[in-house]
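Given chain Y, work out where chain X should sit, using these hints.
Read off the chains here:
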Amino acid sequence: SDTLESLIVADVAGLADNTGTLSLLTTDQGGIIDDCIVHRTTDGYLNLVCNAGCADKDLAHIMARLEAAKSSGMDVDVEIKPNHSLIAVQGPKTEGVLQGGVRDDLSKLFFNHTALVDVWGIPCRVTRCGYTGEDGVEISVPTDRTVELVEKLMAASDDVKLAGLGARDSLRLEAGLCLYGNDIDETTTPVEGTLMWTVAKRRRAARDFPGADEVMRRFKAKEGRRRVGLVVEKAPARPHYPILNLDGEVVGEVTSGSPSPCTGQNIAMGYVDIGYIKNGTPLQVQVRKKVFPATKVAMPFVPTQYYVERK
Amino acid sequence: AEYGKQWYQRRVREWVNVSGGVGRVGITDHAQAALGDIVYVDLPDVDAEFDVGEEVSSVESVKAVGDVALPVSGIVKAVNDALSDTPTLVNQSAEDGGWICEIELTDTSELDDLMDKAAYDAFLESE
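These protein sequences, in sequence, are chains Y and X.
Position 296, counted from 1, in the first sequence is what my numbering calls 296; the numbers after and before it change by one each time, with no gaps.
Position 56, counted from 1, in the second sequence is what my numbering calls 56; the numbers after and before it change by one each time, with no gaps.
Only chain X is shown next, with the shape it has when bound in the complex:
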């Protein structure tokens, strides 16, 4: 599928890339750098439904476990199975090949609460 604009949550840990009501979710490059070498990713079950802000996954590095919360509400439609064998994909490509799951959005108006890439980049600069 072709994916559209990337949206970044204000907590700046996760992103969702939406195309036609389906969103691909992952953690930011900033977040993976803070975690260090990732050794395990907890993938959600397909068809599980989550509210915005609910923990959908956890990403574990050698020293820490980071919760991954959904930036928008949705139903899990697919998970990135490649992360089972190669959790380091999240380090190598957090905002592309290291995506965690795909969700069907249940309330697209929630996207209004998120930052787009330009706003996110500006936010990172200001930190």
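This is chain Y alone, in the form it adopts within the complex:
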């Protein structure tokens, strides 16, 4: 836990068995290196899933921290799983479809819970999470059996359909979830990224994550820009389109945007000066040569459907 906590902002020590959370790897200046999902398993390890696009830099960063931990006498190791792939199955019918291939009772696998499970005889790690805002699972499967797993899923029900990154991107945007590289990067700290909820209370108080002092300074200072959601009239907003106030002054920039299939509106994420972050604030977005009205709204744009345990 300590080694992982020297890398990410989560309360790893406080995670209940076989549960996890979204977290961030930060630089010593508080910038976001990557977002990730961490789980505490009862199988003898902590499971960390990062963005494949950041694999090289994440690994270099993690291995450097590992070396430091070992030198200081910690008994810790990192095992990379190069022979595994991740298949996401998302949507309200996921549990029904998957239960047919799994002996364990999936109605007990709550949001952000994880388990080692045989799926149609294939040894997998199944986690009740995803990046669409919907109920669903991510299945870590041996790469050489990925096709077999997908074929079993498709055969299980006509409701199972393949979807590509275009669908994944509109779903995650509707859910208000960041895309690393677009909405967050090493120049944004969790403060600007409106992601302070990922920094556990205990970690804030202890200031024991990389960049903690800078992050807490910005958190208290209440200045600069913040990530917000927008609904834009007429034309879709796209990355890098300027966000203007009603006087036509540039007060921000769009980082993600697209028509929303579920709401029929043009939705977007971007950063605006802190004076413009109240819900309902009227703004404008410059779309090529024209300017269109926009409104700051709360995210998610579409209510999420996570299978949270009711206590």
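Because the hints were derived from the structure by calculation, they are not lab data.
All values derive from a computational prediction rather than experimental measurement.
Certain hints may be false.
Covered, in the sense of this in silico footprint (three residues per stretch, anywhere, with C-beta under 8 Å from a C-beta of chain Y), are these stretches of chain X [claimed, not checked]:
1) 37-43
2) 59-68
The calculated SDA-like cross-link candidates involving lysine to any residue, where the alpha carbons are at most 25 Å apart (straight line), are [unchecked claim]:
3) Y/K234 <-> X/A33
4) Y/K289 <-> X/E104
5) Y/K290 <-> X/V39
6) Y/K234 <-> X/A48
7) X/K63 <-> X/V46
Glycine residues also receive a C-beta, built at the ideal position from the N, C-alpha and C atoms.
Using the frame of chain Y, we list chain X on its own:
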């Protein structure tokens, strides 16, 4: 107005249909299919003047924005307002009801550089 022969630009993205010096401009059916569901069309201002090849409009789909260049030089005389409420008209009828604007041609000799429908159809076959 009654419109005459349709002319297709060699870039095969746009067409102009000319009758008595006035041309109706739009994108090809091929182009709309490549773009996908159209969500927004940027219409030009009436009386704006453009040279051949200059961007007069843009057609935006869910995933991409396509520039629309004038196949011949002209002055915008009318725009298809229906596209404001129903951009998908371009998908349904790119070469007819989904027209984008009407221009007054400023150099009709430029039509010589374009393909007519027979040549365009042959061009599509050869692709």
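Okay, the hints, checked on the actual structure:
1. 37-43: holds (count 3)
2. 59-68: holds (count 4)
3. Y/K234 <-> X/A33: holds, 22 Å
4. Y/K289 <-> X/E104: holds, 23 Å
5. Y/K290 <-> X/V39: Distance ~16 Å between Y/K290 and X/V39 Cα, so the pair holds.
6. Y/K234 <-> X/A48: Distance of about 22 Å is within 25 Å: holds.
7. X/K63 <-> X/V46: violated, 28 Å
The structure fails to meet hint 7 from the earlier list, while all remaining hints are met.
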